[in-house]
Amino acid sequence: MSGHHIIPFSVYRNVLLALLALTILTVAVAKPVSGFDAGVFNFLIAMGIASVKAGLVMAFFMQLKYDNKLYLAIIVSTVLFLALLFGIVMIDWASRAPVMSTL
Amino acid sequence: MSSAADRSKNYLNEESGLWSWLTTLDHKRIGIMYMITVMFFFLIGGVFALLIRAELFSVGPTVVEGAAQYNQLMTFHGAIMVFMVIIPGIPAFLGNFFLPLQIGAKDVAFPKVNLMSWYCLIIGAAISFYSLFFNGADTGWTFYTPYSIETDNGTILLVLGAFVMGFSSILTGVNFVATTHRLRAPGMGFFQMPLFVWGLYSTAILQVVATPVLGITLLLLAAEKTMGIGFFDPALGGDPVLFQHFFWFYSHPAVYIMILPAMGIISELITTFSRKVIFGYKAIAFSSVGIAAVSFFVWGHHMFVSGQSQLAGVIFSFLTMLVGVPTAIKTFNWVATMYKGSIQFQSPMLYAMGFLFLFTIGGVTGVMLAVMAVDVHFHDTYFVVAHFHYVMVGGTLMAIMGGIYYWFPKMFGKMYNEFMAQLSFLFIFVGFNVTFFPQFILGAQGMPRRYFDYLPAFEPLNRVSTVGSWLIGIGFLIGLYVIVSGMLKGKKAPDNPWGAKTLEWQTSSPPPHTNFHEQPVVTGGPYEYR
Amino acid sequence: MFWVNKAHAGNTFMPPQASNFAESVDTLYGFLYYASLISCILVIGGLIYFAVKYKRKTATDKTAYIAHNALLEFLWSFIPFVVFLVVFAWGWKVFYDMRNAPKDALEVHVVGQKWNWNFIYKSGRKSGGEFTVPVNTPVKLIMSSRDVLHSFFVPSFRVKQDVVPGRYTSLWFTATKEGDFNVFCTEYCGTGHSTMLAKVKVVSKAEYENWLENDPYKGLSLAEVGQKVYAGACIACHNTTDVKKIGPGFAGLWGTDRKLTDGSAVKFDEAYVKESIVNPNAKKAEGYENAVMTSFQGQLSEDEITGVIEYLKTLKK
Amino acid sequence: MSTVNKPRSEGGHAFHFDNAEHEFETSKFGIWLFLCTEVLMFGGLFVAYFLFEHKFPETFIEGATYLDWKFGAVNTAVLLLSSFTMVLSIYYAQNNKTKQCVNMLFITLGCGFIFMGIKYLEYMHKIELGLLPGEMFSFTGEVGASNLGLYFSTYYMMTGLHGSHVLVGMGLIVWCIVRARRGEYNSKYFTTLECVGLFWHLVDLIWIYLFPLLYLVD
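Residue numbers (the numbering used here), protein chains in the order written: chain A, 179 to 281; chain B, 82 to 611; chain C, 287 to 603; chain D, 6 to 223.
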């Protein structure tokens with residue numbers, strides 16, 4: 179019964195603690211709160227921590243770690259499609275030749 | 082449990098009464114409900130189309146009360162045909178009925194969700210039509226901003242209706258992907274699936290992945306109309322072209338939601354009526370999935386002159402060319418399947434050949450439109466109108482009609498009137514070409530689409546086109562007669578009148594509630610005509 | 287590709303070639319046209335040939351078991367692919383030329399609005415509904431919209447570009463033939479979409495200079511512009527006194543309440559006058575049920591209409 | 006076919022599945038597909054966010070200063086906790102402990118209420134100040150960046166859509182509580198509980214990204 183995998187209570191507890199700790203970390207390294215400034219990396223750090231948190235939720239709370247890998251493929255391809263939408267619109271916006279009025 | 086007594090019971094007479102239909106969880110009954118719904122909407126959309134053509138018969142106002150009313154007709158014709166007819170047409174109607182049968186399942190994975198999906202379509206359609214009480218909508222089915230934000234009428238209801246109908250599409254998609262993955266009969270691997278299932282499966286993936294983006298786009302549009310959130314409003318920092326990106330990110334794959342299952346039907350029809358194994362099974366199967374995947378990368382070919390950047394245009398034009406390849410492969414494979422076959426000209430086969438004829442023209446004109454410099458001239462002219470009607474009507478609708486006749490004996494256990502069905506085909510096929518071929522020429526000459534009125538120079542060809550639309554109208558009326566009379570008083574049909582090989586023909590006609598009298602076991606490919 | 291271009295004129299249904307792009311677009315289109323024709327003949331011809339040749343003869347016909355053929359399948363994937371790449375690159379090249387105007391092009395500003403086109407020259411010359419350009423001179427249009435999306439399309443020039451509110455878009459061409467050519471709006475913009483037409487007049491360079499010089503409104507106040515417009519457009523049906531002609535006389539009307547045919551009343555103000563010029567039969571005044579006025583939409587520029595309004599203000603009883 | 010008429014909590018299954026395990030796996034697959042559509046729907050908003058953030062960086066930095074990160078941080082913790090109690094309710098169901106299962110669901114529901122309560126306070130505060138989306142933006146204080154209304158459009162659209170999902174999730178949890186109290190969930194059957202749980206985790210997941218994106222922009 180692969181789908182009925184029972185994960186020990188302690189795992190859930192540890193994941194929750196890790197998630198809360200990461201939340202505190204997010205706030206602690208945020209420039210508007212603590213003044214910590216890593217320049218261009220600020221955004222990447224914030225997104226990185228969020229992604230680690232998301233990974234923990236998916237792996238343990240949503241049991242992806244133990245489940246059919248097809249589900250993981252579904253989510254990953256979903257995110258790729260979104261990246262595609264963002265990427266091409268960004269290309270469009272960034273490469274539009276501005277036309278100015280000459281009056 | 083396959084006693085003779087069992088055979089008298091089928092999904093049609095298992096229960097009776099309207100209520101038993103409205104609350105049914107049987108995929109076959111839901112399929113029939115979709116059939117009736119879609120045919121009803123098709124009639125409304127078709128009447129609108131005839132009115133549009135009648136208006137364009139002569140220069141100046143004719144039957145329609147002014148441009149405002151014409152624009153409403155044009156909008157509702159588009160919205161009805163896209164959201165209520167062609168998108169649910171094959172997957173939700175024929176797919177619902179035959180996907181489980183073709184893979185040897187007893188039902189779809191989530192019967193309740195299946196029924197909910199039908200109600201979503203009905204509710205969404207009701208909301209859309211409700212907009213008619215608020216002066217309707219005149220934005221075209223594409224809802225381009227900022228016009229759709231400024232226009233003051235029931236547009237928002239049409240938008241919300243489309244949003245709800247989107248849920249119908251999503252739920253059907255989820256259901257079909259899960260069904261295809263989990264409910265195949267023992268022995269049926271992915272490469273033993275009939276090609277119609279491959280088409281539906283690819284379509285279902287598109288429905289799941291593309292439709293939510295339409296959902297959020299329409300929500301944003303509704304928020305823009307009610308609260309002025311400014312995403313698409315340059316005065317507030319937004320970008321009207323962004324709406325087009327969002328819209329076509331859904332609506333281009335939606336075009337393949339419409340055509341992929343049609344291609345699946347054609348694969349079935351050509352093998353059965355040529356009594357021959359399909360040529361290049363894997364190529365056709367993979368090209369379905371390939372088209373589905375690449376279709377997400379090409380939306381910007383609707384926007385070459387929209388003000389998107391040149392670089393974006395080049396990327397989209399290139400990727401669009403890639404979609405052409407699998408489509409070409411399929412077409413050649415179908416023709417090759419007929420080579421050294423034993424071809425029988427029953428009406429489903431006539432529709433399949435009609436499909437090949439019209440879809441080829443629709444396809445090559447599609448390539449023309451993907452070439453940037455040429456598209457600059459053709460964009461938003463009647464050339465585009467002709468092109469997509471050749472694909473959507475000449476392709477999808479032909480396939481639906483062919484599919485209905487092909488599976489009619491299975492669905493109702495009765496035969497239809499073959500002569501009348503062929504007559505109907507003749508009217509539709511000839512009428513279609515008379516209607517839409519002149520529109521290629523009109524477009525090349527520069528007549529823009531969505532025009533209530535036009536220059537006198539365009540009149541002769543418009544007249545031809547309008548006359549053609551009457552022929553199509555007659556053809557579909559005959560078709561309606563064939564279907565209704567067949568349902569009411571057709572001769573009893575055998576279980577497998579065409580000698581086809583796929584699983585749905587192995588059960589009785591009409592099938593019992595649980596589809597098969599014994600669990601079918603698959604031992605080979607779907608088209609083993611040896 | 288001379289033969290293709292030659293062949294196009296009679297067979298491929300394109301409008302007359304009147305710009306520098308027309309020939310290159312038509313050559314490419316001609317290639318596509320014949321390539322498409324050939325593939326249609328192959329597919330549809332094959333379809334019909336097989337249908338006739340392999341028609342079912344007996345109920346138990348045996349058929350060949352041909353599941354696939356690697357060479358054939360490779361060929362009919364690869365050949366279309368190559369053709370597609372060729373037309374893609376070719377289309378790109380022509381498109382590139384269309385989108386990159388020469389630096390010294392003559393610039394004309396185009397303003398789209400529901401539902402007319404207005405043109406503004408650098409000299410200050412304005413015109414509505416039609417504009418004049420010299421032949422054999424690169425012209426760059428700098429376009430903007432006052433309301434919704436429009437699209438500027440000249441079939442004979444093979445150029446088209448959407449006009450987007452909130453920013454400028456541009457297109458360019460060199461007209462190669464003198465004459466009048468149609469301009470269409472091809473992006474759906476509402477009720478008047480199909481009447482949002484204009485003309486481009488291509489004239490010789492000398493004529494163009496002459497036209498530019500002789501601005502009929504040069505140095506005039508708005509009311510004076512209005513008077514000129516009145517003398518050309520309105521005088522046939524409207525008096526400057528309060529005497530009725532075909533339509534009402536204008537004197538003393540400004541600011542009064544007008545009774546309409548449907549019994550309601552409307553103030554004779556800027557909005558009403560403008561509406562009556564653009565859409566004359568929407569709100570007819572009482573007593574003029576049977577009078578018919580043609581819309582001046584597209585005929586008069588925005589400024590001319592404003593001029594007329596200013597002029598009407600000056601007409602006292 | 007003998008299992009057909011058995012209730013699910015005793016290991017029965019719908020007629021078109023082979024067995025209960027088959028049904029459970031299929032339901033889960035369906036729910037994952039549905040989650041994928043949810044991700045895409047929010048994804049559209051995320052894409053819009055990134056695009057506009059890229060176009061008007063100052064606007065977004067200034068916009069975020071009108072938000073109180075403490076509210077956001079507390080809400081993050083609340084949702085994480087609720088996700089934790091949600092998995093525990095499944096954990097107890099798997100171990101046939103109905104009472105604890107129900108209790109955990111109640112805590113999850115309570116967390117939902119706390120989240121929405123805080124959201125309500127935030128919204129009220131902003132509406133009073135006139136920090137409204139797009140053209141309704143009527144803030145009278147000193148404003149530096151242009152198009153601040155656009156920031157609040159993204160804020161309200163994203164948190165609004167998220168909030169509506171929290172509400173739907175809470176409704177589903179109430180339904181689960183009713184069924185759990187009837188003793189329908191046990192080691193043999195907890196499919197709906199699992200599916201609602203997956204939905205609830207997704208709502209949590211989205212908030213994990215919304216929090217830094219909206220409250221901590223720099």
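Check each hint, because a few of them may be wrong.
Okay, the calculated bits of chain D under chain B, using three or more residues with CB under 8 Å as the criterion [claimed, not checked]:
1) 68-80
2) 98-110
3) 114-123
4) 158-172
Far from chain C, some chain B residues (derived; all Cβ distances over 12 Å) [as the list claims (entries may be wrong)]:
5) His262
6) Pro267
7) Trp551
8) Leu561
9) Val565
10) Lys570
11) Thr604
Distance condition first, Cα-Cα at most 27 Å in a straight line; then the derived DSS-like pairs of lysine-lysine [claimed, not checked]:
12) Lys582/B x Lys572/B
13) Lys193/D x Lys243/A
14) Lys582/B x Lys379/C
15) Lys243/A x Lys60/D
16) Lys339/C x Lys421/B
17) Lys60/D x Lys90/B
18) Lys582/B x Lys491/C
19) Lys209/A x Lys124/D
20) Lys193/B x Lys193/D
21) Lys247/A x Lys33/D
22) Lys379/C x Lys348/C
23) Lys247/A x Lys11/D
24) Lys343/C x Lys572/B
25) Lys33/D x Lys306/B
26) Lys306/B x Lys348/C
27) Lys495/B x Lys572/B
28) Lys504/C x Lys491/C
29) Lys11/D x Lys193/B
30) Lys421/B x Lys341/C
31) Lys504/C x Lys363/B
32) Lys341/C x Lys572/B
33) Lys573/B x Lys343/C
Calculated from the structure, these hints are not laboratory results. Note that CB positions come from ideal geometry on N, CA and C, so glycine has one too.
Here is what the structure says about each hint:
1. 68-80: Three-residue rule not met by the stretch 68-80 of chain D, so violated; n is 0.
2. 98-110: Our answer is that it is violated, as 0 residues pass the Cβ test (under 8 Å) against chain B, missing three.
3. 114-123: violated (count 0)
4. 158-172: Holds: 4 residues of the stretch 158-172 of chain D have a Cβ under 8 Å from chain B.
5. His262: Answer for histidine 262/B: holds, closest chain C Cβ roughly 26 Å.
6. Pro267: 24 Å, holds
7. Trp551: At about 23 Å from chain C, tryptophan 551/B clears the 12 Å cut-off, so the statement holds.
8. Leu561: About 27 Å separates leucine 561/B from the closest Cβ of chain C, which puts it past 12 Å; holds.
9. Val565: 29 Å, holds
10. Lys570: 27 Å, holds
11. Thr604: Holds, since 17 Å exceeds 12 Å.
12. Lys582/B x Lys572/B: Holds. Lysine 582/B to lysine 572/B sits at ~23 Å (cutoff 27 Å).
13. Lys193/D x Lys243/A: Judged against 27 Å, a Cα distance of about 22 Å means the pair holds.
14. Lys582/B x Lys379/C: 51 Å, violated
15. Lys243/A x Lys60/D: Violated - the C-alpha atoms of lysine 60/D and lysine 243/A are around 38 Å apart, more than 27 Å.
16. Lys339/C x Lys421/B: 8 Å, holds
17. Lys60/D x Lys90/B: 65 Å, violated
18. Lys582/B x Lys491/C: 74 Å, violated
19. Lys209/A x Lys124/D: 23 Å, holds
20. Lys193/B x Lys193/D: 22 Å, holds
21. Lys247/A x Lys33/D: With a Cα-Cα distance of about 13 Å, the restraint between lysine 247/A and lysine 33/D holds, given a limit of 27 Å.
22. Lys379/C x Lys348/C: 53 Å, violated
23. Lys247/A x Lys11/D: With a Cα-Cα distance of about 31 Å, the restraint between lysine 247/A and lysine 11/D is violated, given a limit of 27 Å.
24. Lys343/C x Lys572/B: 25 Å, holds
25. Lys33/D x Lys306/B: Between lysine 33/D and lysine 306/B the Cα gap is close to 37 Å, so the pair fails against 27 Å, i.e. violated.
26. Lys306/B x Lys348/C: 64 Å, violated
27. Lys495/B x Lys572/B: 5 Å, holds
28. Lys504/C x Lys491/C: Measuring from Cα to Cα gives roughly 21 Å; hence the hint holds.
29. Lys11/D x Lys193/B: 19 Å, holds
30. Lys421/B x Lys341/C: Satisfied, since the Cα-Cα distance of roughly 9 Å is no more than 27 Å.
31. Lys504/C x Lys363/B: Cα-Cα ~74 Å, so violated.
32. Lys341/C x Lys572/B: Holds - the C-alpha atoms of lysine 572/B and lysine 341/C are around 26 Å apart, at most 27 Å.
33. Lys573/B x Lys343/C: Answer holds: lysine 573/B to lysine 343/C is near 25 Å, not above 27 Å.
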